[in-house]
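Sequence order for the protein chains is A and B. For the first sequence, the working numbering begins at 147 and goes up steadily by one. For the second sequence, the working numbering begins at 129 and goes up steadily by one.
What the hints contain is simulated information worked out from the structure, not anything from laboratory work. Careful: at least some of the hints might be erroneous.
Unchecked claim - Distance condition first, Cα-Cα at most 30 Å in a straight line; then the derived DSSO-like pairs of lysine-lysine: (1) K586/A with K259/B; (2) K501/B with K584/A; (3) K139/B with K586/A; (4) K326/B with K152/A; (5) K560/A with K139/B; (6) K276/B with K265/B; (7) K615/A with K203/B; (8) K534/A with K586/A; (9) K607/A with K265/B; (10) K139/B with K615/A; (11) K231/B with K584/A; (12) K586/A with K134/B; (13) K560/A with K512/A; (14) K151/A with K326/B; (15) K134/B with K146/B; (16) K306/B with K534/A; (17) K560/A with K615/A; (18) K203/B with K259/B; (19) K501/B with K615/A; (20) K534/A with K501/B; (21) K584/A with K265/B; (22) K231/B with K560/A; (23) K586/A with K363/B; (24) K380/B with K584/A; (25) K139/B with K161/B; (26) K306/B with K584/A; (27) K306/B with K259/B; (28) K534/A with K512/A.
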Amino acid sequence: MKPHKKILTALVAASSIGAAVYLAANRNPDIGNRIAQRLQSILNSDALAQQLPTHQAGASTSGNVVVELCDGKTKMEIKGLKPGQTMSRAQALAVTRALMADWARQHPDQHWEMAQGEPDNSNSEWSDETNSTEATPAPQVAPTFPIPNFGETAQAPAGQYTSIEVPTAAPTAHRTHRPRPRTPIATAVPATQTPRPTASPTPAPPTASSTPAPTRAPTNAPTVAPTEKPSAVPAVAMTAAAAANAMQSIAPTPKPTRTPKPTRTVTATHTATPTRTRTATATRTVTATRTVTPTHTATPTRTRTATATRTVTPTRTATPTRTRTATATATPMPTPRNPTIGGPGHKQLPVQQGDTYASFSQRDQKIWQANTDRFIQEGKEVFHDANKLGSTIGVSCDMCHPDAANTHPETYPKYQVQLQRVALLRDMIEWCIENPVKGKTMDPNDPRLRAMEAYILSQRKGVPLDYGKH
Amino acid sequence: MAVRHKSVETKYMEDREKVLRGLRGLDRRSFLKVLGATMGAVAAKGLVTPHSFQLITLADAAPDKTAEKTGMQGKRPFTFAYISDTHLYERTLNQRFVRAAVKAVEDVNALDPQPDFVLFGGDLAQLGGRKELELGKQILDELKAPVKMMVGEHDWFFDLGEAWQDMFGPPTYSFDWKGVHVITLMSVHEKDFWTPLKMTPEERMHTVAGLDNGTQSRFMVGEDQLAWLEDDLAKVPHSTPLLIFSHSPLYKYYRPWNFWTEDADDVQAILRNYSRVTVIHGHTHQMLFNQIHNISFYGMLSTAWPWPYAPQGLPALTVQMNRADPFDQFDGVGDGQFNVNADGLADSIYNLWDRNPVTVKASYLTSRGARDKPSAPQFASY
């Protein structure tokens with residue numbers, strides 16, 4: 147067929163399809179909408195999207211993008227973000243924090259992970275995999291949320307978000323990169339309380355109650371000093387005004403009043419105390435707890451006992467009290483107050499405790515597997531390509547190691563006689579690159595090296611680990 | 129100052145060299161000691177399976193008495209050497225494999241007496257380029273003995289054998305040598321996988337050059353050659369020993385790596401009527417032996433690099449070569465020699481560079497492992 151005939155045929159076909167769509171849409175608008183949606187979905191789909199369930203958020207009220215949590219109820223309109231626009235990572239993180247904070251406000255007694263694991267009869271598209279148990283109905287209208295750099299200010303009315311405190315201290319900000327709504331921890335005591343207010347069967351010694359932290363607290367505290375650096379991404383205080391302020395300015399907010407050694411910053415982060423004052427108080431409490439911990443872990447000596455006893459109170463009762471406090475502080479996920487969870491007749495769902503693996507669906511697993519497989523495939527490509535390896539003599543790894551055979555990664559680390567030292571698998575990869583391949587050794591963080599390691603290991607799946615084997 | 133690294137193999141070779149040097153300057157007492165040890169070794173020869181540190185017969189100077197027993201009078205034993213799988217790039221790109229090929233030529237030229245001929249087992253080139261083949265021809269031309277060429281897939285799939293045939297002639301041929309009928313086959317034909325994929329010659333060659341890809345077809349001898357083989361053997365009596373050279377093993381070892389010939393069963397069926405058949409192949413780069421019915425199979429060493437043994441399908445009779453030291457270019461590789469006995473069967477000598485040579489007798493295979501089993505390796509493959 148000649149080129150001009152091909153073009154003519156394509157035009158006729160396209161116009162026919164267009165006419166059919168037009169006629170169908172005129173006769174029944176619903177059909178038109180459905181066709182349009184279908185075409186849109188085809189255009190936007192990729193292989194992964196076809197395999198995985200999609201998440202349809204509700205319609206925008208004013209043309210802005212609406213973001214919705216997987217519970218299908220908590221949603222938020224992103225002021226200033228139009229469909230087709232994308233957010234930066236910092237912006238996206240801020241939105242997720244705001245959403246999760248909103249959810250936590252509506253579910254003060256629940257954990258996200260636990261709630262998503264509960265069976266639910268909601269008609270959410272996620273109901274077959276991750277369900278939610280709503281204690282409080284979600285707002286019907288999506289609150290708005292301003293996005294920095296989109297040129298708009300906060301539009302959410304005051305009170306749209308209840309007071310959910312997320313400390314804005316720098317170390318805390320780094321830790322809050324994943325929104326993790328938490329119920330208040332057991333040791334989040336009010337500011338007016340003393341550090342040891344609760345289960346002590348005997349009155350606290352006067353000196354202890356007047357001094358929140360024992361004098362040796364500062365010397366013990368640094369042993370658990372946080373190692374994380376302050377992040378440029380601001381932690382979001384989830385009052386509406388605070389959220390707006392935080393998103394308006396990327397610069398970190400000033401540090402709140404804190405103890406000089408915020409040794410348990412993580413704990414403070416998870417504490418859903420409404421004010422900064424409370425946060426600081428919680429920190430002080432934890433500091434006191436940390437002070438006691440060595441006493442608990444080390445065998446209590448007569449000397450220490452006598453020190454505490456000097457103030458009058460019998461020490462044997464005081465020490466267990468402190469121990470319980472420490473235990474409660476360390477518990478990452480307290481028992482939820484929702485009586486349906488863990489109660490009689492409650493069906494235990496395969497929800498793991500912890501952060502990353504708290505609750506995941508088959509979709510999550512597919513995504514993880516797809517990412518892992520892609521990484522391995524990248525390694526396979528490097529492994530088989532002399533140019534990607536940087537070989538100067540045309541040699542690639544697969545020439546001696548088809549399917550990565552005879553690499554035996556399961557035997558490392560082991561003493562490599564030829565190198566006269568203990569070697570890791572990557573050491574041998576580097577050696578091969580440098581010698582038979584005649585290339586340049588790679589940086590340990592070189593994605594090619596990491597991917598090749600992944601490929602080699604993947605080829606020995608199921609082989610028992612037997613380090614040191616010769 | 130850092131300790132200079134020496135591999136265990138290097139140390140071993142240095143020790144051995146030291147002993148051999150010492151032999152040259154023996155006094156009377158030391159000479160008697162060595163003489164006694166040598167006599168002991170000679171006495172033990174034949175009682176113990178040949179392996180490291182034992183005397184090995186490299187060539188028989190005259191027909192042995194088995195000829196009379198087997199009724200093979202008139203047939204004289206002979207030897208031939210082999211060099212295989214040199215995988216040469218152009219000289220400017222890669223000297224490593226050139227160095228190994230030259231070493232093999234020097235090895236064979238040093239044999240005394242010289243073998244009747246030298247079999248080249250295929251894969252002279254790595255990517256089938258004319259310059260690679262010309263370099264290989266230039267190196268092989270240094271051999272003193274006549275060379276019998278066999279083609280491998282690395283020589284073929286860039287231009288489908290055009291350059292190779294220009295230089296070396298047809299890849300399929302036969303001849304008679306001292307009572308043995310010798311046949312060389314082209315066993316690495318593949319079905320056309322490249323046309324539907326619109327591959328360039330370079331892409332086709334790169335695909336075939338890799339073992340572990342499922343894109344290419346499996347090797348096969350093909351209908352035409354099977355017909356040619358039947359015609360060629362039609363005039364050969366069934367009592368005549370056959371010596372078959374093929375690049376790929378004429379049996380099915382491990383399909384994912386193309387250690388495999390798809391129509392091997394058809395070839396074996398044609399050879400079934402002959403009582404003494406030896407098939408010698410390249411491609412697998414490892415000590416490999418097998419016995420199927422009346423056919424004894426030997427794999428040849430490569431000069432370039434050793435392949436690992438396949439994860440499954442290894443013939444039961446194969447005794448693995450010792451695990452190669454990657455730090456030693458000449459470990460796990462080498463050349464070799466076949467001693468064709470008067471009965472027409474062949475003993476194989478694997479001349480592993482930087483290791484002691486290993487002899488695998490035909491009787492080990494024909495007895496299906498009951499006799500003359502080679503020593504097991506110290507370190508088998510993982």
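Results of checking the hints against the structure:
Between K586/A and K259/B, the direct Cα distance comes to roughly 27 Å. Compliance with the 30 Å bound is thereby established for this hinted pair. Taking the CA atoms of K501/B and K584/A, the gap is near 39 Å; set against the 30 Å cutoff, the hint is violated. Taking the CA atoms of K139/B and K586/A, the gap is near 28 Å; set against the 30 Å cutoff, the hint holds. Between K326/B and K152/A the CA atoms are separated by roughly 24 Å; this keeps the pair inside 30 Å, and the hint holds.
For the given pair, K560/A sits about 21 Å from K139/B by alpha-carbon distance, which is consistent with the 30 Å threshold. About 12 Å separates the Cα atoms of K276/B and K265/B, which keeps this hinted pair within 30 Å; it holds. Straight-line distance between C-alpha atoms of K615/A and K203/B comes to about 51 Å, which puts the hinted pair past the 30 Å bound. Between the alpha carbons of K534/A and K586/A the distance comes to roughly 11 Å, so the proposed pair stays at or under 30 Å and holds.
For the proposed pair K607/A and K265/B, the alpha carbon gap of about 44 Å is over 30 Å, so the pair is violated. Between K139/B and K615/A the alpha-carbon distance is near 22 Å, which keeps this suggested pair within the 30 Å criterion. Proposed proximity of K231/B and K584/A is supported: the alpha carbons are some 21 Å apart, at most 30 Å. Under the criterion of a C-alpha separation no larger than 30 Å, the hint pairing K586/A with K134/B is consistent with the structure, at around 23 Å.
Using a Cα cut-off of 30 Å, the hinted pair K560/A and K512/A is violated, with the two alpha carbons roughly 35 Å apart. Of the pairs offered as hints, the one joining K151/A and K326/B holds, with about 26 Å between alpha carbons and a cut-off of 30 Å not exceeded. For the hint linking K134/B to K146/B, the alpha-carbon distance of about 16 Å falls within 30 Å, and the restraint holds. About 52 Å separates the Cα atoms of K306/B and K534/A, which puts this hinted pair outside 30 Å; it is violated.
At most 30 Å may separate the alpha-carbon atoms for a hinted pair to count; K560/A and K615/A meet this at roughly 7 Å. A hinted pair counts as satisfied when its Cα atoms are at most 30 Å apart, and K203/B with K259/B does not qualify at roughly 41 Å. Taking the CA atoms of K501/B and K615/A, the gap is about 28 Å. The hint holds against a cut of 30 Å. A hinted pair counts as satisfied when its Cα atoms are at most 30 Å apart, and K534/A with K501/B does not qualify at roughly 45 Å.
With a CA separation close to 26 Å, the supplied pair K584/A and K265/B stays within the 30 Å bound. Proximity of K231/B to K560/A is assessed by CA-CA distance (about 33 Å); at most 30 Å being required, the pair is judged violated. Using a Cα cut-off of 30 Å, the hinted pair K586/A and K363/B is violated, with the two alpha carbons roughly 59 Å apart. Distance check on the hinted pair: K380/B and K584/A sit about 35 Å apart at the alpha-carbon level, beyond 30 Å; violated.
A C-alpha spacing of about 25 Å is found between K139/B and K161/B, which places the hinted pair at or below 30 Å, so the restraint holds. For the suggested pair K306/B and K584/A, the alpha carbons sit about 47 Å apart, so the restraint of at most 30 Å is broken. Distance check on the hinted pair: K306/B and K259/B sit about 36 Å apart at the alpha-carbon level, beyond 30 Å; violated. Among the hinted pairs, K534/A with K512/A is consistent with the structure: their alpha-carbon atoms are about 29 Å apart, no more than 30 Å.
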